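Mind assembling these two chains? They're in different frames, but the hints should get you there.
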Amino acid sequence: MTILYVLIPLALLLGAGAVVAFVWAVDSGQLDDMDTPPLRMLGDEDKAPERVERGTKSAHPSP
Amino acid sequence: MLADVLAPLAQGRRSDTAAEVTCAHCGLPVLGGERTDGPQFCCNGCASVFAILRESGLEQYYTRREELGAEKRAASASGKHYDELDQPEFERLFCRRGEDGHLATELFLENVHCGACVWLVEKVSTVLAGVTETRLDLSRSVVRVSWDPAKVKLSRIARFLDSLGYPGHPLQGLDKEAIRRREDRRLLIKMGIAGACAGNAMLFAVTLYCGAFSGMEESYVDLFRWGSVLVALPSILWCATLFYRGAFAAVRTFTPHMDLPISLGIVIGSVSGIVNTLHAQGEIFFDTITMLVFLLLVGRWLQQRQQRLADAAADHLQALAPSTARVVNDDGSVREVPVETVAFGALVEARAGEHIAVDGIVVEGNSSIDVSLLTGESVPVEVGPSALVHAGAVNLSAPIRIRVQKTGHETRLAQLVAAVAEAANRRAPMVILANRLSGYFVATVLTVAALTVVFTWHQGSSVAIGRAVALLVVTCPCALGLATPLAVSAAIGRAAHAGLMVKGGEFLEALARPGLIVFDKTGTLTQGKLSLVEFVGDVSVQPYIAAAESGSAHPIARALCAAMVTRGITAESMKETLGGGVTALVAGKKVVVGSLSHVEHDAVVPSELRTRGDELGARALTPVFIAVDGDVCAVAGIGDPVRPEARESLEKLRSLGHRVSILSGDQPAVVHAVAAQIGVAFVDVIGGATPEGKLAFIEEHAKRGAVFMVGDGVNDAAALSAATVGIAVRGGAEASLAAADVFATKSGLQPLVELFEGSRRTLRVIRGNLTRSLVYNLSVGALAATGFVGPLLAALLMPVSSIGVITASYRSRTFGARK
Numbered sequence: 010m011t012i013l014y015v016l017i018p019l020a021l022l023l024g025a026g027a028v029v030a031f032v033w034a035v036d037s038g039q040l041d042d043m044d045t046p047p048l049r050m051l052g053d054e055d056k057a058p059e060r061v062e063r064g065t066k067s068a069h070p071s072p
Numbered sequence: 004m005l006a007d008v009l010a011p012l013a014q015g016r017r018s019d020t021a022a023e024v025t026c027a028h029c030g031l032p033v034l035g036g037e038r039t040d041g042p043q044f045c046c047n048g049c050a051s052v053f054a055i056l057r058e059s060g061l062e063q064y065y066t067r068r069e070e071l072g073a074e075k076r077a078a079s080a081s082g083k084h085y086d087e088l089d090q091p092e093f094e095r096l097f098c099r100r101g102e103d104g105h106l107a108t109e110l111f112l113e114n115v116h117c118g119a120c121v122w123l124v125e126k127v128s129t130v131l132a133g134v135t136e137t138r139l140d141l142s143r144s145v146v147r148v149s150w151d152p153a154k155v156k157l158s159r160i161a162r163f164l165d166s167l168g169y170p171g172h173p174l175q176g177l178d179k180e181a182i183r184r185r186e187d188r189r190l191l192i193k194m195g196i197a198g199a200c201a202g203n204a205m206l207f208a209v210t211l212y213c214g215a216f217s218g219m220e221e222s223y224v225d226l227f228r229w230g231s232v233l234v235a236l237p238s239i240l241w242c243a244t245l246f247y248r249g250a251f252a253a254v255r256t257f258t259p260h261m262d263l264p265i266s267l268g269i270v271i272g273s274v275s276g277i278v279n280t281l282h283a284q285g286e287i288f289f290d291t292i293t294m295l296v297f298l299l300l301v302g303r304w305l306q307q308r309q310q311r312l313a314d315a316a317a318d319h320l321q322a323l324a325p326s327t328a329r330v331v332n333d334d335g336s337v338r339e340v341p342v343e344t345v346a347f348g349a350l351v352e353a354r355a356g357e358h359i360a361v362d363g364i365v366v367e368g369n370s371s372i373d374v375s376l377l378t379g380e381s382v383p384v385e386v387g388p389s390a391l392v393h394a395g396a397v398n399l400s401a402p403i404r405i406r407v408q409k410t411g412h413e414t415r416l417a418q419l420v421a422a423v424a425e426a427a428n429r430r431a432p433m434v435i436l437a438n439r440l441s442g443y444f445v446a447t448v449l450t451v452a453a454l455t456v457v458f459t460w461h462q463g464s465s466v467a468i469g470r471a472v473a474l475l476v477v478t479c480p481c482a483l484g485l486a487t488p489l490a491v492s493a494a495i496g497r498a499a500h501a502g503l504m505v506k507g508g509e510f511l512e513a514l515a516r517p518g519l520i521v522f523d524k525t526g527t528l529t530q531g532k533l534s535l536v537e538f539v540g541d542v543s544v545q546p547y548i549a550a551a552e553s554g555s556a557h558p559i560a561r562a563l564c565a566a567m568v569t570r571g572i573t574a575e576s577m578k579e580t581l582g583g584g585v586t587a588l589v590a591g592k593k594v595v596v597g598s599l600s601h602v603e604h605d606a607v608v609p610s611e612l613r614t615r616g617d618e619l620g621a622r623a624l625t626p627v628f629i630a631v632d633g634d635v636c637a638v639a640g641i642g643d644p645v646r647p648e649a650r651e652s653l654e655k656l657r658s659l660g661h662r663v664s665i666l667s668g669d670q671p672a673v674v675h676a677v678a679a680q681i682g683v684a685f686v687d688v689i690g691g692a693t694p695e696g697k698l699a700f701i702e703e704h705a706k707r708g709a710v711f712m713v714g715d716g717v718n719d720a721a722a723l724s725a726a727t728v729g730i731a732v733r734g735g736a737e738a739s740l741a742a743a744d745v746f747a748t749k750s751g752l753q754p755l756v757e758l759f760e761g762s763r764r765t766l767r768v769i770r771g772n773l774t775r776s777l778v779y780n781l782s783v784g785a786l787a788a789t790g791f792v793g794p795l796l797a798a799l800l801m802p803v804s805s806i807g808v809i810t811a812s813y814r815s816r817t818f819g820a821r822k
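Line by line, the protein sequences are chains A and B. Per our numbering, the first sequence starts with residue 10, numbered consecutively. Per our numbering, the second sequence starts with residue 4, numbered consecutively.
This is chain B alone, in the form it adopts within the complex (with noise of 0.2 Å):
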């Protein structure tokens, strides 16, 4: 992103120095050309890694990069000092003790993205003595450690990791992990039996079918009859037994669902094969039956396996929330903890700019926080001694003490992110439009099995036999069974590849198809963020604004300062009243910035600014006056600013078929505000949405029809659930993702428009594969009825079909296609 910003800034600049001066770390162009000798560097972060790579002897790394045609990206450390992993709590909570006095313990790593950082981070251990293994894997993001604590502590190797660019953050939810992996490997371990099953009941099925054209002795006939048995019945009684638990579901809820007929077919060719083996005549189904139960589990093997990425990562970003809380301890030395063992009642810390960890009451300091996580409200909240604050809050300008009354999974935050998993499990799964097809198929293609036997028995039995065989093998629904996992699958991959995370193939289904599309505003529509709309007075004043509020660490504070420059003044004094502004001596003159009330304390505001602060309070602005030695000179307005790309991107939505609105839980001036900026056509605006409000309007419209939520806070967690599609995007509430259905990790809308279009060219590829099977299966199983293909040509025939299904799945471009 910042890469797109400064590219044309640099091609600007080129005709003035000779030739373009680019970072040595991260390939990104150097603003103001080359400042010293050697290696340039954008930033003090790529500066850093380079100089340890270098002084660690780990210049490969770069060598390796190239090698590998890996993206470059700019370092960032986060210069935390992990204190907290090296208490004997987090050893309790987290590590594992080997026999040899070795700990090992696992953790999230931010950043990693290609082999060179697989490389460089395994390198860890032979750079730091006492560190025995660091292990990456690169899909989940996580490295394993394990290390000698005699010699070593884990925070000095969180911090080498962390100066390197990676910070890291203990794994949380465990338990799941491993249920998770449990299911994975046993899925895996049926696949390779079915595998191996149905490769050898292949080789005999083969041999039979020899036998049958050249003549073969009885009891070898027989032989390899019971041999194709043997081979078949692990493939039937276990690897199988999916399907049939999948049927029995279907049968219970009378739901058409895949399962069904392939579970049938399994069973009536098992059993007529196994009757044909002990009476030693007639055809065998055993190759056909095993090669289908492998390939079944390929394709579900491979949708697990992208769906697991996908809640892995979510998982994974809830790491990224507080897992420290910092506790006063009775002499008054504070300590760092891992918030598990903060025990109820403990006085807690949290400094300005931290996130609360707890649910308590403040009990010393006052300050405002930002709940916007918890309620969806943009505007700081004012808190003072005996006001009760919640974990996911922020707390915004000064530091306070809090009395822990809950923690963990006892937070406010916790139990909304419960209920609402809780939600989501009870919701009824879709079918898939494939699911649906392919069960009729197979029923149609049993029901004409048994009637050429029954047209054809007058030419004799095995004439009769041979043709349904023929029609079985040749029409085998393999390709069709395929046909959606192995598109899903690629679509969900390269999905991920573009920021999206898809937690199922049902969702993309959902998506392709025609709804409305309801926007929570706070973040997804606008940047999430205060910052300088409009300035309307003295500019010249601007550097004393800068001045005045660069010691606070309120918003609007924060984004008067982002907007203009100090110029080098600086404040010598400075007063910030809680819920005013402030009141500085800046180079001998007073300043004063803040509120209407705050001002006029001081000063006499004029009234054409007045109205100009009127004005923009109208559009939902907040009016911030400047007065300089008792002269009101200047309003500012501060607001949300709507995404630059928003229009296009709603436009582009609605040109799909969508319809959008708008349900947010901020006060409906702003809300009605920003949807006129916009200018799109909105079904409605909805300003002042509360949790349940928004969970009954999602519901309501559920009913009619499909509904995508767009949201990015806990607050609309339940109406995310709700929706047919919950979407959330990632923007500080971390929790909220393990309940959305598909998640961006990347802010801003052009994410949601890759979303929806990826999902349709998805369907697409899904239908053309059913279309291709459909119509290779009807034409070839035409000709295997009326005699014109034998078994053996048929059994050739059938992996055609599957391949053109496979092909067609990955070579598609689904999503990212633009790129």
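Chain A extracted, bound-state conformation (with noise of 0.2 Å):
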């Protein structure tokens, strides 16, 4: 089990990594709206606008 002595420090390591990047991420300004990326990610899809008439059931278009 002598092993420990060094994956314990590893895992610490790993883990600090972690912590590093979550810093960077909001010193980025990546956290500072918590809002709208969950709607932004609906839209942001690459097709072409349709025209669509209000009231048809075309909500889901096939590709």
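These are calculated hints, taken from the structure and not from any lab test. Note that this is a predicted model, so its numbers are computed, not measured. No residue lacks a Cβ here, since even glycine has one placed at the ideal position from N, Cα and C. Worth double-checking, as some hints may not be accurate.
Here are some, though not all, of the chain A residues that point toward chain B, as calculated from beta-carbon distances under 7 Å [said to hold, decoys possible]:
| hint | residue |
| --- | --- |
| 1 | Ile17 |
| 2 | Leu19 |
| 3 | Leu23 |
| 4 | Ser37 |
| 5 | Asp42 |
Short derived list, chain B residues pointing at chain A, Cβ under 10 Å [to be verified]:
| hint | residue |
| --- | --- |
| 6 | Cys120 |
| 7 | Leu141 |
| 8 | Arg143 |
| 9 | Asp187 |
| 10 | Arg189 |
| 11 | Gly195 |
| 12 | Ile196 |
| 13 | Leu206 |
| 14 | Tyr223 |
| 15 | Val234 |
| 16 | Pro237 |
| 17 | Leu240 |
| 18 | Phe538 |
| 19 | Gly540 |
| 20 | Gly554 |
| 21 | Ala556 |
The structure is reproduced here in structure tokens:
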């Protein structure tokens, strides 16, 4: 079990890497706005704008 | 609101027409049924947005809106030109230039409210050439635009957004925003790191607990102990500094605050943990401590986030205040520029219906101005050359030119606002119930833990310490620390959806207790707008009155026009006498409308109408006489009518145990007339109050108990910040919203009732949470102290009360309950 003396510091280093990534993400402003991105995700498809008559059930057009 | 009014109408028509015709853009019923082929619209605003979307190929907006189930709203473009956005001064003040020569700025957009709006606004960059990016932050209603100035002008982008129904405004207070953002990021980083520490400390702790049962080599136990110390240190030394600072402040000011026992717990636990690690024996408490720090930071962060939204909303509403002024150059040409760039001594023009943007002296033109924002006076003031006017007033009837004396932060308006903000900062912070309670609770737990060690020491040190640890773990005040922040942040979030911006949890607690509610009359109890209340005499002359008054911008004229139809008659000529009335030639008849003295110039007023006029005057209405061809045939009573829901709302507030008073800057006769109309038993009805008088009144009553001031003018702002809770109602005086503790974005009294009821429900949730976690902690704590619950079971039980609190907070309907 002496391997633990290597594995635990290694695991902690990996964890520290994740923390550094988190700090970078916050500092670069990626977490400033928590409400809009989930909505933006729905609108980011790259399909040509199409003509849709209101009221018709073409809410989920086939590609 | 409009939909509520129109819905019954539409239902009534349903039997006439085959199917209800609804607007293709906003879904409101189209009055009068189908007009043309194709899509139907309720108004021109909706029709033009629909046409623009179709032209630009952005019709997917509608399907998206359906998919998201978002609320539909009628479009309202402002039709402004936004020329000021292209001025070099604007670029210098508000824009950043990127390396590629592109410019970037942020605009506050009105009317954005759903996911479909996000999509539509962000598609603008694909529709307009030269726009590189449009990114919308929905919670702040701010769009970040970057564009290539060689290809497109910002005014073009703003006009396009405006035409879609999203008028834009330059963002004010950028420095404050930057500071706020830095603080938010810092707290989020602390929270994240505390979370990482807590998770890892927990892993070590579980290993140690398991090892304690199955037997572990001493060298490994040592390794895990040192590992725990290592991962706990960042949390204790950096993330928790916030609590130490609060604790120091609590000690210095002798106020009980939860930060004190929390800090004590953290420090005592850490020190004994480190000592035990050094001696390689006994328990370490780092899992409990780090988890405590993490959960408390989560609570703080949630609460701060909600309060930030209210703060930001108040700042952004200030962006709606006039940010441009029309400067008259030496050659007589007029140019619209940002108000920050207007220099002392410049000549500025204010057209009828516009806000005056500077303090200065009138040099040209006669007009009446509305100064209700500054003084609370609802009757317009006449101004002419050499009169002093202040920023924030609204020019009503004719264009005037003003020699600038002060702009921006030096204006009287800005100084009033600044003085108020200062007063609000000086006010002592309120101590929340939960803070006091948790403080005592944690102190008790620490004492009991110490006593447990002392009294069980005779059974051996390991038993004694084991019990104490179990007690500390199981009673970890996470739930207690979370109880208030969670309930408060959930309630503030709900309140924001209901149109109520609350700037702090302590205000909700204060509002839940009975107190004295002081109303400012203008705009809160009354409509805040002049309209026709009574008409005595020959009704058939009404079209003539409407025609005669249609050319005037005076509020009384507007009130008369709004209440009467012209039936196609137009005035052939019209002459307006300042402070008197109008004389017009309508369909060959000479029509004179105005005050008694104005009409008496060319007609004899019959004594009967004269007495009716006096009666109207006694009811605090302004009598307006009408003469047609020298024959005085009618008198109209113009006034500021009481809101229809006023009586019911006030009765509801009284039934909640509050007392109500009116404190107004208006004439005493007017105020008493309004009080009589509402018919609620008021404690005090005071008219003619100066801003200083209001402040003194509020301070006097605040000594005796909670005072809630409801107002809408900057003249109320000092009183608003002196009150226990200052509540501003939106209606023109955006600047005063920054001074208020709570503000309603919807006008009327219904939001106020909602505020008081919701606060009471919130306090009930907080009390429930506190009771639940206290009962849980005390009962399980007793079991732990007597040895029935071991450290491992305690660690497993710990989250139970936290989860209970979280569910109770988010499931409870505090605000918007009736939706």
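*Using Cβ atoms only, decide whether Ile196 of chain B comes closer than 10 Å to chain A, and label the hint accordingly.*
Holds, about 6 Å.
*Quick one, is the Ser37 of chain A hint okay against chain B at 7 Å, beta carbons?*
Violated, because the Cβ-Cβ distance from Ser37 of chain A to chain B comes to roughly 10 Å (cut-off 7 Å).
_Holds or violated: the hint that Asp187 of chain B contacts chain A, with Cβ atoms closer than 10 Å._
Since the shortest Cβ distance to chain A is 7 Å, the answer is holds.
*Does the CB of Leu23 of chain A sit less than 7 Å away from some CB of chain B?*
Hint violated; Leu23 of chain A Cβ to chain B Cβ min 11 Å, cut 7 Å.
_Min Cβ distance, Leu240 of chain B to chain A: is it shorter than 10 Å?_
Leu240 of chain B check fails; min Cβ-Cβ to chain A is 15 Å, beyond 10 Å.
*Minimum Cβ distance from Pro237 of chain B to chain A below 10 Å?*
Nearest chain A Cβ about 9 Å off; hint holds.
*asked:* Quick check on the hint: Arg143 of chain B CB to chain A CB, less than 10 Å?
replied: Result: holds, 8 Å to nearest chain A Cβ.
_Gly195 of chain B as an interface hint toward chain A, with CB separation required under 10 Å_ = Because about 5 Å separates Gly195 of chain B from the closest Cβ in chain A, which is inside the 10 Å limit, the hint holds.
_Take the shortest C-beta to C-beta distance between Phe538 of chain B and chain A; is it under 10 Å?_
Violated - the Cβ of Phe538 of chain B stays beyond 10 Å from chain A, reaching only about 44 Å at its closest.
_Cut-off 10 Å, beta-carbon criterion: hint that Leu206 of chain B touches chain A_ = Leu206 of chain B check passes; min Cβ-Cβ to chain A is 9 Å, inside 10 Å.
*Hold the hint about Gly554 of chain B up to the distance rule: shortest CB distance to chain A must be less than 10 Å.*
violated, 41 Å
_Would the hint on Val234 of chain B be counted as holding, given a Cβ-Cβ threshold of 10 Å to chain A?_
holds, 7 Å
Comparing the model with each earlier hint shows violations of hints 2, 3, 4, 17, 18, 19, 20 and 21; every other hint is respected.
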